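Once you've looked at the hints, dock chains B, C and D against the given chain A.
4 protein chains.
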Amino acid sequence: AKPRGGPKAMPGGPRPAGEDSGGVSGLLRRLARLEDSRQRAAELFRWLLAPVAPAEFLRRHWEREPLLLRRGDPGYYAGLFSTAEFDAALRGGEVHFGTHLDVTSYAEGVRETHNPSGRALPAVVWDFYQNGCSLRLLCPQAFSPTVWHFLSILQEQFGSMAGANTYLTPPGTQGFAPHYDDIEAFVLQLEGKKRWRVYRPRTDAEVLPQFSSANLTQAELGEPVLETVLETGDLLYFPRGFIHQGDCLPDAHSLHITVSSYQRNSWGDFLEKLLPAALQMALEEEVEYRRGLPMDYLQYMGVANSDTVDARRTAFVEKVQSLIKKLVDYVPIDAAVDQRAKSFLHDCLPPVLTESEKAQSVYGFPARWQDGGPCNVDILITKDTEVRLLRHGIVRLCNEEAGVMLYYTTENSRVYHKEEPKFLELDPEYTDSVEFLLSSYPNHVSVANLPCETLEEKISLATLLFEKGILTTKKPLAKI
Amino acid sequence: AKPRGGPKAMPGGPRPAGEDSGGVSGLLRRLARLEDSRQRAAELFRWLLAPVAPAEFLRRHWEREPLLLRRGDPGYYAGLFSTAEFDAALRGGEVHFGTHLDVTSYAEGVRETHNPSGRALPAVVWDFYQNGCSLRLLCPQAFSPTVWHFLSILQEQFGSMAGANTYLTPPGTQGFAPHYDDIEAFVLQLEGKKRWRVYRPRTDAEVLPQFSSANLTQAELGEPVLETVLETGDLLYFPRGFIHQGDCLPDAHSLHITVSSYQRNSWGDFLEKLLPAALQMALEEEVEYRRGLPMDYLQYMGVANSDTVDARRTAFVEKVQSLIKKLVDYVPIDAAVDQRAKSFLHDCLPPVLTESEKAQSVYGFPARWQDGGPCNVDILITKDTEVRLLRHGIVRLCNEEAGVMLYYTTENSRVYHKEEPKFLELDPEYTDSVEFLLSSYPNHVSVANLPCETLEEKISLATLLFEKGILTTKKPLAKI
Amino acid sequence: AKPRGGPKAMPGGPRPAGEDSGGVSGLLRRLARLEDSRQRAAELFRWLLAPVAPAEFLRRHWEREPLLLRRGDPGYYAGLFSTAEFDAALRGGEVHFGTHLDVTSYAEGVRETHNPSGRALPAVVWDFYQNGCSLRLLCPQAFSPTVWHFLSILQEQFGSMAGANTYLTPPGTQGFAPHYDDIEAFVLQLEGKKRWRVYRPRTDAEVLPQFSSANLTQAELGEPVLETVLETGDLLYFPRGFIHQGDCLPDAHSLHITVSSYQRNSWGDFLEKLLPAALQMALEEEVEYRRGLPMDYLQYMGVANSDTVDARRTAFVEKVQSLIKKLVDYVPIDAAVDQRAKSFLHDCLPPVLTESEKAQSVYGFPARWQDGGPCNVDILITKDTEVRLLRHGIVRLCNEEAGVMLYYTTENSRVYHKEEPKFLELDPEYTDSVEFLLSSYPNHVSVANLPCETLEEKISLATLLFEKGILTTKKPLAKI
Amino acid sequence: AKPRGGPKAMPGGPRPAGEDSGGVSGLLRRLARLEDSRQRAAELFRWLLAPVAPAEFLRRHWEREPLLLRRGDPGYYAGLFSTAEFDAALRGGEVHFGTHLDVTSYAEGVRETHNPSGRALPAVVWDFYQNGCSLRLLCPQAFSPTVWHFLSILQEQFGSMAGANTYLTPPGTQGFAPHYDDIEAFVLQLEGKKRWRVYRPRTDAEVLPQFSSANLTQAELGEPVLETVLETGDLLYFPRGFIHQGDCLPDAHSLHITVSSYQRNSWGDFLEKLLPAALQMALEEEVEYRRGLPMDYLQYMGVANSDTVDARRTAFVEKVQSLIKKLVDYVPIDAAVDQRAKSFLHDCLPPVLTESEKAQSVYGFPARWQDGGPCNVDILITKDTEVRLLRHGIVRLCNEEAGVMLYYTTENSRVYHKEEPKFLELDPEYTDSVEFLLSSYPNHVSVANLPCETLEEKISLATLLFEKGILTTKKPLAKI
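Residue numbers (my numbering), protein chains in the order written: chain A, 489 to 968; chain B, 489 to 968; chain C, 489 to 968; chain D, 489 to 968.
Just chain A, same shape as in the assembly:
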């Protein structure tokens, strides 16, 4: 029975030849030819949703409705991730149960986790799999350079952390109980196929929820809004709050990667940071907020008095409402956005450099030890050196009490928050130059054109940013 009201699968239709040849590897090659990191991100997002246009997706599906894309192209995601790579990661000896890998099962309504302690070696992991357990790899970007590369581009599109898990499920089994998550989910079917059932949020309160659900029972579910078998190359998107469960048909295993974003990224999350700052500013600037409460308010306010008609109640409530409304005159919105950006930059994956980017950056700088001493050491940035940011989204200026801080992502780890937030404290007079670099991007600018006072300062700033991998030069810095 076809579920009512569900989204239609959109057949991909004919695509321009060569457009997606080469799967993800080809995609990443094509993106590397784009100058602007924001354009790369947009392009990857377009590819992810193709043939649905991003604008269409945002209008009709994002945070609204599931989207099912049947591409009929098993090679669409080729090169992103495979069970063979998963096997290689196990073989590498750095995958640990619990930290990186969960062994799970769901049968007869019972959801279990079977993680032993310690290192997840192939002999043990595959034995679990053969016994019907699902394998969830929690941080594939730490083991797969391609997943890392893919997500590091995508995160700039979302402006919010892009994470991923991969799920390997044996034929004829299900690994997880039905539940809903607190993130926007893109399911990319990498190998085999999997049956999915997706259900609408059950109540208004579960629409775009702040927190994931517990495991649900089948009895708590209604009719699915979508029931389908996802095949290799297909995409399934559903918003947070949509309950879902996936199980394998008897004849095929399934490997998919779920790309996620927009966890704790709502207007309310923003207000949580903004309101205390706004109130603090209002308290400092406006005496109305500092005036004392009425001496007798405890007598006519309070739940026990909530049904009382009393002019003093009305006045009190109106005063509170007016003070709340007047807060909008004090909200430091831009400063609060910078604080969110700072937090996002800490969440970010570090950028993946192409070979030519590497050659133009400190990572490809030819300084090395040779013949008993270092050679090619001097970073010869001059007034004529043409520079630009490595990516648009890798830096953020924040005015903080302690000074002007430039937060950046190039020294982040592939492992979530393994490194502390990285930042440089900048002399406030360098602010303009950083903003100039941001607004000039993706064009190169001559160091001479940086709006610093002296040439020495221009070169000093450029060198500092170059050494941190934030700036690249138009031509590889040659040794003189």
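The hints are simulated quantities; they were obtained by calculation from the structure and are not laboratory data. Check each hint, because a few of them may be wrong.
Note: identical chains are not told apart, hence a pair may lie in one copy or across any two.
[As the list claims (entries may be wrong)] Computed list of lysine-lysine pairs in DSS-like fashion (alpha-carbon distance at most 30 Å, straight line): (1) 846 - 963; (2) 871 - 846; (3) 846 - 830; (4) 830 - 807; (5) 830 - 761; (6) 761 - 814; (7) 846 - 910; (8) 830 - 813; (9) 871 - 761; (10) 761 - 807.
Note that this is a predicted model, so its numbers are computed, not measured.
Relative to chain A, chains B, C and D alone:
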């Protein structure tokens, strides 16, 4: 030179004979004859400000302007506190330096504290005094039953903690540097006299400030708005933020008590509790708050973009403003007031009972050990027993996650926060009865009239509240 | 049936007339006539055990066997504590359930605690009692000046904290399950009578145990070594580890006070502090302790090798044994004793002064506020003033890293550890004077005779100690 | 001038051809042919000290005197580590300043650290070097598989953590101030040459010290006991407490690795764990330790009484001494050794497997993903499978309160303490089998011969240990 714009000293004028005879002792006796604790509080407040009417005070002075009352009546505060009582407290051996008593000096612009460690015994304390040090007793209500009684009544008027310090200053000295405080201050001159200089807040930001100032230098002060010599029986009031300094003339020592209130009791303090609760409710009830931020907001928002004209910026700001304004639909004002009330009840001094109140309460209940066994033990509350709350302001009902809690002050300590907040968890069905007791106050009601379902419940509730000292009976409970 | 091997009740026999007339009040009066606090302590101890001589008690009972003294003198403890005083304490409103008072029951093998929260008022407490509950007052010395006085003397005899609880039990009930404690217990029957059953430690490990037992069942007990009915004026002593239970006969309530001491006061407790200090000294002074372990010791040592015969094992063990034995050359025994003394002084009750002692001390110093100013302020200690310590056991000198500290008890609280340890940092050159005061005690010495370098120092030290209540003068310091 | 009393450089003399051909790579190949890990460790130690025999070294130098070995063989350490490998590590982007790399200088008596924050990239690092800074790589074993391999073998010889730092110093500079360390140090000159000056401990207390010194000034040093120029291939050993400083001649840079061990590995460190355990056992088993202290000991003991002659003092001291000496009857030496072993196993590097060892272990087990499913998954251990421990020193049984724990090193990280201690809780009945495996090592035993009760248990235990990499099989486990 008379300071410009300062408040005029209001001569007390003739008073009806006997009205204030007996000083504070007489006052407390008169108050004891009033049935309603709110009336007692209002009356004490009126007496404190007499001959200025409270309404006049609130309109013209409270949080606005200093008020100087020259009463020409050295006996006005008689019985409240004296140096002799202070001496007796030292003699009692329970006054400790630092905890209860500060020894200070201010000379040639240098403010010092001279507290030794340990117990403050008369021989040592008076030696400091003889050497020109001022003595600040931090918690006179813990040592003086009258101060305790006085403040315990006054706190119900303020709806905010009423605290006090006493200051004993040797002739010809000053004990403290000029500064402003974060509380409304009532200076009651108890003995001798003192010269006061009061200055307006220096900036808008220092009007009704949230926090006290550091010690100021004379150079930081302008012209005083008020300069006067306060004499025994006089009152000086000034709002928080008004800088002040007091010093003794060469010919007389000074003892005054400063009664304070309204610390952290502003609209802003209220909003600090209210806003997070409002946002949480909005998040739960209104999907608009849970929707994701725009994907690209980090690019056009932020301080670096604050001067940019961009329709997306306008939309973002308007959205934030609209969400803030819409918060007023969700503000749980009454619940937040109850939380403040709960906090105030924790700050409160426990009530002081008159002899007849004691006889009507559990504190005067005749249960005792006699002739080898307890006698008069049974608390015989029946349907006909007439009861009322000991005071109106000693209880508060709060609906909390864990249940309905009745907070109360009768088991508080005279020492600030020495006891944890005291509360009873009540079956929700008792809520109506508590509200009935509150609304009936100061009239007595028969236990039979409590809106509980069964007589057993009525008696059980009344007994519980009686045992905690919260309820009193019209007639002392006689043993049968 | 008479238990086998139990102690014999010792009939008091005839006592010299008047010797103990006046009960405890008379006793304390007699003690006040003794000059030396150590003598007072010894005398009180003798009185406690009379007619058994202390030496006899220490030889045959202390930490060995129970002792039952039937005095046939119901007035022996008169004045120490009574149910009437307990009732008065309740009436005072400062007794709180849990903190000061436990309401307990033991019936049909079930031991329960019935503490409500908050203040323990007579009406509620006596109701529990009437319903068969026992009442344990945890800190009678905080409510009864006599108990405080009594224990403050006794603690100097024990050199270990002397504590107390009182127990009031209704007729025909038992308040506690059988158990053993970790303290030496002296049960003083104050009112009524109580049946006691005492049992030997069940195993070697339970002889003089470090920790109290849980509640035991009757089935876990054997035959009592002693079964008796304790009557007013009688004493029952039993060492830690002896199981005991007491219940009231149907015809009489019981009030007794249990005086306790020697908690954590064993040789082992001393070694716990001493050994780390000894090892640290040995490590610093003796290279043998700093030499490396044998490279291969992990291979032949360890539990798995414990049955192996191996010369290397023997050598290893012998080396360890020799190093342990050699520790005795480094044990800083005296310093460790001083640390225990410091800890004991923190546990101590503050001294109770007689009227004449008060007159000779800072507590009776006539400094006071009078006629608008302090009078009699100067503490005129001169070279001729004769001084001595208030008590021998109220001070202790400790050489610590931070300096020479004089710990003292005069500013302790009657409530256990309510005050931090009190101490004065002394210039090391004052050490001799403090030791001189200690060794001269109970004789007075002239200030001139203190072994300080200058007279100024002598007076300064004497004044400091006088101000802390540590020194008294032979004659009250008169004002000149 | 030749320093007096210093050690003689020992010329290596002729060595059997081929014995050390191939430097460290050849050494590790030769070691791999030895069956027993203890033998490998001993052999590596012999090679490290050659041509001095280990026994000779232990007798004359270890913890006693420096040893200088001039080998005249620049290729002796070939393959262990080089500046080229250091450069490659920097290039890898995972070296961080502070965490892994220190940039230091010492000039004109001033020792400085110049670490920037973040990633240590070649361009920046070599710039520091060119400016005369020394580079200390703190954990070369994390970046160099050979250093890891080398240390992982050596640690089994020491029975104590073997650590390492490498130091790269520019010509004509010195990177560190003179100081002494708290570890035994083996300086292996890898490239270039360095002048060393070594000084005897200055006082008895600095012989084999527990803690490293601060930086010392030249003025604090006496005459060196040894002054030499270490050349590539040479070894310099000195015990903890020997002050040392090394500087480069103007004509050559220097790279050396300092291998260290025996930090906190003295008899005293052992006693620190042992004594509290011994006292606890004594307290439990021997009533003498639980008896109370004498009532009056505070009066005659303590520093103030230390010069007093008093029989009670003598008795007290003798009692303490006797109790300390009697502790030797209770010392749980073997259990304490097991606790040290457990701690050592946590410090250990994980083992490095040769190719053939890998084939015989779970790390080479052929389970893998192939053709859409796992293959070769079953670990077919049968009664006839011959097994042995991978190394002797990788496991330790500890009897703990929670049960019998088998601690092991195979899941440790190359980064110090990055992983928590790894252990398996074993059924106590498996203890014998683990001990059997330990005592049989390096011989293989049939699973059938394990002293478990049933064959199922034997196979289960062998499989468990095999899966953790602890057991290897004589023949690679073939798939059936």
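Quick rundown of the hints versus the structure:
no., hint, result
1, 846 - 963, "within (11 Å within a copy, 47 Å between copies)"
2, 871 - 846, "within (22 Å within a copy, 56 Å between copies)"
3, 846 - 830, "within (25 Å within a copy, 46 Å between copies)"
4, 830 - 807, "between (35 Å within a copy, 22 Å between copies)"
5, 830 - 761, "both (13 Å within a copy, 27 Å between copies)"
6, 761 - 814, "both (18 Å within a copy, 17 Å between copies)"
7, 846 - 910, "within (21 Å within a copy, 40 Å between copies)"
8, 830 - 813, "both (28 Å within a copy, 27 Å between copies)"
9, 871 - 761, "neither (42 Å within a copy, 55 Å between copies)"
10, 761 - 807, "both (24 Å within a copy, 16 Å between copies)"
Figure legend: structure checked against the earlier numbered hints; the only hint not met is number 9.
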